[in-house]
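On the provided structure of chain S, position chains X and A as indicated by the hints.
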Amino acid sequence: MSEKKSPIWLRIYSFLAYLFIYIPILILIVFSFNTMKLNIRWEGFTTSWYNVLFRDQDIIQATRNTLIIALISTLVATVVGTLAALAMQRYRFPGYAASETLMYIPIVIPEVVMGISLLVFFVMMNLTLGLFTITLAHIAFNIPFVTLVVRARLHGYDNAIDEAAMDLGADEMQTFWRVTLPTILPGVLSGAMLALTLSLDDYVITYFTAGPGSTTLPLRVFSMVRFMVTPEVNALSTLWVLTVFVILLIGQIIQSRRT
Amino acid sequence: MTITEAAENRKKSSVLKTIRESRVAQGLALIAPANIYLFLLMVLPLLLVVGLSFLSRGEYGNVVFIFNLTNYSRLLDPLYGRILFYSLSVGIGTTVFSILIGYPLAYYIARAPARQRSLLLFLILVPFWTNFIIRTYAWIMILRAGGFLDAVLQWAHITQRSLNLLYTPTAVMIGMIYEFLPFMILPLYSSLEKIENSLLEAAADLGAPPWKVFLRVTLPLSLPGIFAGTILVFIPAMGMFVIPDLLGGAKTILIGNVIRNQFLTARDWPFGAASSMILMILTMVFTLYYTRKAGFSEDLLV
Amino acid sequence: MAGEFAVELRDIVKKFMTPEGSELAAVNHVTMQIKNGEFFSMLGSSGCGKTTSLRLIAGFEWPTEGEVWIEGKSLGHTPPYQRNVNTVFQSYALFQHMTVYQNVAFGLEMEGASKEEISKRVGKALEMVQLTGMDRRHPKQLSGGQQQRVALARALVKVPQVLLLDEPLGALDLKLRKEMQLELKSLQQQLGITFIYVTHDQEEALTMSDRIAVMSHGKVLQMGPAVEIYERPTSRFVADFIGETNFLEGRVKSVKGDQTVVTIPAWKQELTGIATAPVTVGDDVAVSIRPEKIQLVEKPVTKQNTLEGVVVRSTYIGSDTHVYLDVRGETIKVWDQNRVSTVDPSAFYQKGEKVWLTLLPENTLVLPNESV
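Chains S, X and A are the protein sequences, given in the same order.
Mapping to this note's numbering: the first sequence position 73 is 73, numbers consecutive.
Here this note's numbering = 1-based position in the second sequence + 1000.
Here this note's numbering = 1-based position in the third sequence + 2000.
It is worth saying that the hints were derived from the structure and are not from the lab.
Take these hints with a grain of salt, some might be off.
[Claimed, not checked] As a list, the in silico DSS-like pairs of lysine-lysine whose alpha-carbon atoms are at most 30 Å apart:
no., chain 1, residue 1, chain 2, residue 2
1, A, K2268, A, K2035
2, X, K1251, S, K4
3, A, K2175, A, K2185
4, A, K2351, S, K4
5, A, K2073, A, K2219
6, S, K4, X, K1212
7, S, K5, X, K1212
8, X, K1194, A, K2140
9, A, K2333, A, K2351
10, A, K2303, A, K2333
11, X, K1194, S, K5
12, A, K2035, A, K2015
13, A, K2299, A, K2253
14, A, K2293, A, K2354
[As the list claims (entries may be wrong)] Covered stretches of chain S (in silico footprint by chain X; criterion: 3 or more residues with CB under 8 Å from a CB of chain X, positions within the stretch not fixed):
no., stretch
15, 52-64
16, 136-146
Beta carbons: idealized from backbone N, C-alpha and C, even for Gly.
Pulled out of the complex, with its shape left as it was, chain S reads as follows (with noise of 0.2 Å):
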């Protein structure tokens, strides 16, 4: 689509529907800095939530958990899903419609199911509920999504250059890390991205696969949210928009570098 002034109407629309997606986010943000326990009224500005944010051990304890479970399945699912998208793209093999079927079924799977369904195995399996196993879950979810991320940039890509770098004396190995993984790295990148902030943000799959004292942070913010609402909340809340704002805006940056 090319380049159109929309009509006012349009304008004003789009505008109240911007403002419609950040008047929460706002209203969040501003009330953390608020004095008064339910947050209701606005009594003053402070920063002590912040402070009762930091020393929260239990927070703390989360978010260390939230990052190695998000950073291990991340690295796995990447290199696992980035084989199959490899093996999907450039070969056929027996059984490859059932592997893709096999592929796409956590995406279109509802999330409940595929958490109960997890619950049932690891207790089968005899394992208990903790890290180790929220990690499994997050690996299940996360390979397909890097698969499709990494096969959707496979789509235009030039075998002839593979081609080309065996034809100049390098072997198959050679030309995989030289020529093809440079080469489909951006698309790599995307789907681990992808993949770290399913994991991040996961709450639902995490919390049938979680044990006692495994806590992660989306578990953690719900049981503040659920049961004590104190302001505590909108500051963990405001960081986490923060922080999400901040690599969003460096991944634009560099972006747009490449360009």
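Just chains X and A, lined up with the frame of chain S:
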């Protein structure tokens, strides 16, 4: 080198040789890790759930291994029928509203100057990547009795008393739409953006006024985006239990809540499994019908 | 170690599986011998097997049957990185994440050359293709013609015995293409390397090649120097594929030495010509007459191969006039060279004009009428 070592070496190198020579072997080797992992941690658990749905809960919360269909007959109770119906309407409602609300916005962004476009998308992505529990919490703050909405309306003298919107189905809908809107906007934008300008110009050249160009050219060509967005919204919306839990309280129950309750509170796993099966079947039917109609496309991904 | 032939394809068959599950022979019993130092082209339309043959030489495909000999060694089942053969790809296949320098240096790195040697050889290669100074650019920043030269430099820097070129000029505009054709030819003569060139553009093949192999449906129909292919096609397909020609259906009446007399049923007349492939009396044949070989005269001077026709259409091309004649029901096209410069319209053939055409027997080719 002993004889056995030499034999081992020869075996290893012939395996590598087969992989090198045969493209089929290469493909299989590459996809094996993913297949094995997903089979163990996806297919197997689901099969267990299927099996579980045909068993019963014992007296002490354990599982009695007798094949029966009591769980399914329980689900025939009109109570669950209502819950199912309610879940479907929430799912459909969320989808429809996010299309209605999201389409104009996606259209606006697709037509914006290129420089603005990345900013506009960025602004959509920021809340999108923010944890959904946090975003739902924001709505709790707004909709609760004496919350932000009440405060503003009363200050403007539009209402006298609290609207008490929290813990109502309306609140759940608002929360669901808010959560799923970006999932609809992004694929819509993606397919709108791909529409070649020359097609729109050709339509105009042949005499179509702007609204007809939209109706006869733009809208049909954006259908893949609508399909993709629907899959991304409807399926998760159907199984959602967190938002109904937070914004709807005990009064609003969807299938997701039922399943969750069975597994974590009532401890009737077989029944929970059966409920999951119903949800699964609904989802699969929807997916099959939809993907056949739409053709599963990879412009799901922005 | 030089034999007479740089590359030999010995009765090669290459079969592929179609998506429907059946087998297709992309190359169907092809034998070719390509001499050292020659510019050899494989010519044909898409699907004829020329690209597959090239890939068999490069090593990206391995023959189902038959042998590929390169420099006196049977290398049919050797991977491409072990063959002393390099390819210039149709899509250029430049490494986008590397600079021009790194692209050209890649093959030398694979050989394990030292940094100094690489620097020297890359410099010379870029000079050879007139891209000095571009070494730090990325392929994205180059024009199509420049990218093509990088691909060329990258392959040539390794000084292969044989260079394979897969329709390298297809993406360039006409003027650039013609320039590059001349450049490639002179480069080949300079370096003395065997060039094996694949194209569907017959003009390109005729201009550049020492010898051409015309291919169709996985088979080689005719192989020889350009002159031979053009002037003495041995099959109807080749006569039709290369250049323009007029075809007439006929039957062999007599064969005497190199003179073959053919009866043209449509005209109830005989033509005397030469047969480019063995024919016997009674055979159904196609008579091929190239338009530029037909003489248009006011009054006939001989009776042999002379007919009268009526001008149907006349198109001025500049160097020639293309005259379309109705000769007793058959449409014959004649390229009449504009030998005298004039702007007088009456000097050109007008519609409806009667004119005589005459053919020399050497220009009247008798071809077997088999379909490929």
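(request) Quick one: which hint numbers does this structure break? Sort them smallest to largest. (result) 1, 2, 4 and 15
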